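**Q** Next come the chains, spelled out residue by residue.
2 protein chains.
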Amino acid sequence: MNVFIIGVGLIGGSFARDIKRTQPNVRIFGVDANPNHLEEALSLSIIDEKADYSLLPQADLVIVCIPVDVMVRELPLILDAVNDEAVVMDAGSTKSLICKTLVNHDKRRNFLACHPIAGTEFSGPSAAIEGLYKGKTNIICEIEKTAFKLQERALDLFQQLGMRIRYMNPEAHDKHIAYVSHLSHISSFMLGKTVIDKERNERDIFDMAGSGFESTVRLAKSSPAMWTPIFKQNKENVIETLGEYIGNLETFKQMLEADDYEGIYDEMNNTNKIKGILNGIPLNK
Amino acid sequence: MNVFIIGVGLIGGSFARDIKRTQPNVRIFGVDANPNHLEEALSLSIIDEKADYSLLPQADLVIVCIPVDVMVRELPLILDAVNDEAVVMDAGSTKSLICKTLVNHDKRRNFLACHPIAGTEFSGPSAAIEGLYKGKTNIICEIEKTAFKLQERALDLFQQLGMRIRYMNPEAHDKHIAYVSHLSHISSFMLGKTVIDKERNERDIFDMAGSGFESTVRLAKSSPAMWTPIFKQNKENVIETLGEYIGNLETFKQMLEADDYEGIYDEMNNTNKIKGILNGIPLNK
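Protein chains in written order, with full-length UniProt numbering: chain A, 1 to 285; chain B, 1 to 285.
These are calculated hints, taken from the structure and not from any lab test.
A couple of the hints might just be wrong.
Because identical chains cannot be distinguished in the list, a pair is counted as satisfied if it fits within a single copy or across any two copies.
Restricting the straight-line Cα-Cα distance to at most 25 Å, the calculated cross-link-like pairs of lysine-lysine (DSS-like) are [as the list claims (entries may be wrong)]:
| hint | residue 1 | residue 2 |
| --- | --- | --- |
| 1 | Lys149 | Lys198 |
| 2 | Lys198 | Lys275 |
| 3 | Lys149 | Lys275 |
| 4 | Lys198 | Lys253 |
| 5 | Lys20 | Lys232 |
| 6 | Lys232 | Lys253 |
| 7 | Lys198 | Lys273 |
| 8 | Lys107 | Lys145 |
Only a predicted model underlies this, so the values are computations on that prediction, with no experimental measurement involved.
Construct the entire structure; sequences and hints are all you get.
**A** Printed below as a string of structure tokens:
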């Protein structure tokens, strides 16, 4: 089986590592706009061969793991180039625009819209790790638009990687993911900014910050090149969640200003139930 | 050496475990308003003996690890009860009101104001862990007000526990800690609230949330009984940091509404430097 990984960073590289481990007769071709990343992926044995789109007709499976703005530009070209039996899947954090872009493509049946909910705050080929997808959820959109035989091939792979599958329409995906992923990133980035702006003397932060702060700002290490187009494509949902978050923070601040400590206690106590909700989340680290 | 732990939860219990491990000739007395916690601490061998204030005259070292509102009420009584050679230290997350409360106490020289920057989101005796303080920062306020011999005894202990010491005045402590600790907790609690409020069907959160969300809302599992009085005592600083955080989130939202993706990229890119700042933070998990 010839597998093409378009974008050999954290997400694509981790797919490559797991596919190599679980499927012995596989040849992994890497494609990347950054020649250094491609070289690095080769030297780390993440890919077997450097490639470009001219080799795509040989592909049985193509996994596209690039920023979502580049995704909507490149996916039609990738589908143009593959053969009729190939399955092309993406790993984008947004789904509506990607699905809309391909709705009338001649090879729509060759495409499977995916969002594997997995990752770390790091990026590039060196961030790729084995087992990243084990126990993680893969959200698949518009499954009915993919050819049945190709669905099967993709689902077999996800099963071998240990992923749990959930089906959802692209609009529901983008709405829910704004709350549980996109908002977390903004909250974390702005927390990091607030503290950096105030504490010019970084030594003070370093000395006083504990693991709680580190946990809360971890996502502020994420790649702006990856996240700017996500926020752009999911603008309406993100603005809505952000508005609600700001409203809740304002209410908390007003309770503090009004010395309403009973209200503050209740707010925190009610939110403690996140414990039970989180207990089921498969964690990476 | 007789060590009294007042409040045998995560913080006090972890002190007890480490002191027992590093100092063989020690007897640990536990005091707690919650008889179940005291019983649990005894059965977990965190303490050697249940005690109350009537035994305090036997104490060589007293570590007070209780919510900061109870702290300002109890610390004067504890100091009243100890002998002239005892050192009493606290582990409160605020320092100004505690230091002000004791400024004219007859035994002010027996008191050392501390804030060990360590912990997890869990609480109670069962949350106590060995080595919690290793490599962590302990902020000491108004060191000059503590008797020299007693300073020495406390610093020896911190050294054996592997802690790094930083000296700071109580006002500077409360101002800085609002940014790197108190704000993180509010940010996390309100993020948890926003998502819970929106996503009534918890199954959807569970399925779509990844390790990023878990990391960002981890602190929303923290104890409201512990945190409400912290926010109350540090009200002015917390309101200031919260105002700045809300302002930054508002700016981000406005940039999104104005399609200013270059601005959004720059904000995230500038905040990425948190990586370098965080690299030095000793982590728990």
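**Q** For Lys20 and Lys232, with the copy left unspecified, which applies at a CA distance of at most 25 Å: within, between, both, or neither?
**A** neither (34 Å within a copy, 55 Å between copies)
**Q** As a check of your reading, is Lys198 near Lys273 (CA-CA no more than 25 Å) within one copy, between copies, both or neither?
**A** between (32 Å within a copy, 14 Å between copies)
**Q** At most 25 Å between alpha carbons: which applies to Lys149 and Lys198, within, between, both or neither?
**A** neither (57 Å within a copy, 37 Å between copies)
**Q** If the cut is 25 Å between Cα atoms, do Lys198 and Lys275 qualify within a copy, between copies, both or neither?
**A** between (31 Å within a copy, 17 Å between copies)
**Q** Within, between, both or neither: how does the pair Lys149, Lys275 come out at a Cα-Cα threshold of 25 Å?
**A** Classified as neither; 41 Å inside a copy, 45 Å across copies.
**Q** Under a CA distance limit of 25 Å, which applies to Lys232 and Lys253: within one copy, between copies, both, or neither?
**A** Between copies only: 11 Å across chains, 29 Å inside a chain, cut-off 25 Å.
**Q** First find the shortest C-alpha distance between Lys198 and Lys253 inside one copy, then the shortest across copies, and answer within, between, both or neither for a cut-off of 25 Å.
**A** both (19 Å within a copy, 21 Å between copies)
**Q** Using 25 Å as the alpha carbon limit, work out where Lys107 and Lys145 are close: within a copy, between copies, both or neither.
**A** within (10 Å within a copy, 78 Å between copies)
In summary, the structure is inconsistent with hints 1, 3 and 5 from the numbered list given earlier, while agreeing with the others.
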